[in-house]
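Participant: Residue-level listing of the chains:
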Amino acid sequence: MITPTSLEVFFIGIAVVLAGLIGARAELTRVRGGKILAFVTLFILPVLAVMLGFSEHMQRAESTQFCLSCHVMNDFGRSLHVDDPSYIPAKHFQNNLVPRDHACYTCHTDYTMFGPVHAKLRGLRHIYVQYFGKPPAPAEIKLYTPFNNRECLHCHAGMRAYEEEPKHNKTPDMMGRLTSNQVSCTTSKCHDTVHDVGTLDTVTFWKGGD
Amino acid sequence: MANARMPVASVERRVRLAAILICLGLVVLLLTLIRIHPLAFMAFALIGCPLVLVGILLFLYSIVSEAPSHQGNTGRATPRLL
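Chains A and B are the protein sequences, given in the same order.
In this text, residue positions in the first sequence follow our numbering: the first is -2, and each later residue adds one.
In this text, residue positions in the second sequence follow our numbering: the first is 8, and each later residue adds one.
Think of the hints as simulated: they come from the structure by calculation, not from any bench.
Note that the structure is predicted; figures quoted are calculated from it, not measured.
Just so it is clear, CB atoms sit at the ideal spot from N, CA and C, and this is done for glycine as well.
Be a bit skeptical, because a hint or two may be false.
[Stated by the list, open to error] One-sided and incomplete, this derived list gives chain A residues near chain B with beta-carbon spacing under 10 Å:
no. : residue
1   : GLY20
2   : ARG22
3   : GLY50
4   : GLN62
5   : PHE63
6   : LEU118
7   : GLY120
8   : THR168
[Stated by the list, open to error] Incomplete in silico selection of chain B near chain A, CB under 10 Å:
no. : residue
9   : GLU19
10  : ARG21
11  : ALA26
12  : LEU37
13  : ARG42
14  : ILE43
15  : MET49
16  : PHE51
17  : ALA52
18  : CYS56
19  : VAL59
20  : GLY62
21  : PHE66
22  : VAL71
23  : SER72
[Unchecked claim] So the derived label-pair ranges between C-beta atoms look like this:
no. : chain 1 : residue 1 : chain 2 : residue 2 : range
24  : B       : ALA16     : A       : PRO1      : 28 to 34 Å
25  : A       : THR201    : B       : LEU64     : 56 to 62 Å
26  : B       : LEU60     : A       : ILE11     : 15 to 21 Å
27  : A       : CYS187    : B       : PRO57     : 47 to 53 Å
28  : A       : PRO1      : B       : LEU60     : 40 to 46 Å
29  : B       : ALA52     : A       : ASN71     : 22 to 28 Å
30  : A       : PRO169    : B       : ILE41     : 55 to 61 Å
31  : A       : LYS131    : B       : ALA16     : 50 to 56 Å
So here's chain B without its partners, still in its complex pose (with noise of 0.2 Å):
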C-alpha cells in the first residue's frame, strides 16, 4: 500500500514544484512590467524566463516519468498525471 502511494506522492512533488517554479517566473515577469528599463529586461530574461523554463522542464519530466513507475504496477490502479 504505502509502495504503491510512493511513486504519487513524489509525482505530486515535482508537479508542486514546479508550479512553484513557475509561480515565481511568473511573478518576476510580472514585475518587470512595471518599469521600462533596461534591467526590468535582464531580470525577465535572466530570472522570469529560467524559472519558469525550469518549471516546465519539471513539470514535462514529472509525466513522462510517470508513466514507467505506473506499468509495473498491477495490483492497484495508481492515479496517473496525464
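Isolated chain A, as found in the complex (with noise of 0.2 Å):
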C-alpha cells in the first residue's frame, strides 16, 4: 500500500542515489546537462527532502507513540487504559473521544495561534531533560501552568450533553464562569481524577480496543 511516508522515502531515495551520482561523477557538470542535473541534485532536491522529512516529523511528533516513546511517560500511557471512567483521560481514549493516535497532542495542545508551536519548543525542552537531565518520578510530573477549560471547550462547547448538564448550571452564572476559565473543570472537584499515575498500582485495566 502507497502511504505518503513511503512516497517521501521514495522520493529521498531518489534524491540520495542522484546526489551519489554526482559525487561519483562530479565531471558530469563540465557539460550543460550534467550542470542542469547538479543543480537539480544538489539544491532543488535537497530542500524538498529537508522539507518534507522536518514535515513528516512535525507530523510524528503529535503521535501518542512518540509521546509515550520516553520511559517517564510510561505510566501516563498505562493511565489511558484505567478501567474506571472517572479517569478522565481514560475515559476519552477508550471511547474515541480523541483521536488514539493523536491522544496526548489533542489535550496538551494549547488552542491558541501559537500553542502547537509552543508544544513543540516544550518537547525539544523534555527531550533535554530525558537524555542530558534527571526526569522526574511520573507522579511528580506537573503541567507548566494549570489545565485551561479552553482545551476541554475546544470539543464541548456547544454540546448539547454539555449544556444541558445540571452540574454546568447549578448558579445562573456558572456556564460564564466556565466559559471564562474562573471555575476550573478538572481541579474544582467536578473532573478531577485525570491521569493520577500515583494510583495505577491499585486499579484494575482495561483489555479491549486492540
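Both chains come to you apart, so use the hints to assemble them.
Facilitator: Quick look at the structure:
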C-alpha cells in the first residue's frame, strides 16, 4: 500500500541516488545537461527532501507513540487504559472521544495561535531533560500552567450534553465562569481524577481496544 | 594548460564534496524515518539537516566562486559549472 511516508522515502531515496551519482562523477558537470542535473540534485531535491522530512517529523511528534516513547511517560500511557470512567483521559481514550493515535496532543496543545509551536518547543526541552538531565518521577510531573478549560471546550462547547448537564448550571453564572476559566473543569472537585499515575498500582485495566 | 584546468578541478572537487555531504545528510534523513522516536527527530535536526545545509551552501559557493576565475581566462574556454 502506498502511503505518504513511503512516497517521501522513495523521493528521498531518488535524491540520495542522484547525489551519489554527482559525487562519483563530478565531471558530469562539464556539460550543460550535467550542470542542470547538478543544480536539481544538489539544490532543489535536497531542499524539498528536508522540507518533506521536517513535515513528517512534525506530524510524528504529535503521535501518541512519540509521546510515550520516553520511559518517564509509560505510566501516563497506562493511565489511558484504566478501567474506571472517572479517569478523564481513560474515558476519552477508550471511547474514541479523542483520536487514539493523537491522544496526548489533542488535550495538551493550547488551542491558540502559537499553541502547537509552544508545545513542540517544550517537547525539545523534554528531550533534553530525558537524555541530559534528571527526569522527575512520573507522579511528580506537573503541567507548566494549570489546565485551561479552553482545551476541554474546544470540543465540549456547544455540546448538548455539556450545556444541559445540571452540574454545569448549578448557578446562573456557572457556564460563564467555566467558559472564562474562572472555575476549572479539572480542579474543582468535578472532573479532578485525571492521569493520577500515583494510583495505578491499585486500579484494574481495560483489556479491549486492540 | 595546467593552470587553465585548475579552477575546473577545484570546482569539481567542491561539487563532489557537496554531493557527498548532501548524500550523507539524506541518508541520515532516511534513517530517522525508520522509527517514531524523539532521538530520530534530534538526529534529523542536529545531523541530517546540517549536513544537507552545508552541502547546499558548498555547492552554491562553488558556483559563484567559479565565475570570477573564468573571466580572467582569455585563451581557453574553461567549462563553467552553471
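Participant: Looking back at the hints listed earlier, which ones does the structure fail to meet?
Facilitator: Those not satisfied are hints 6, 8, 22, 23, 24, 28.
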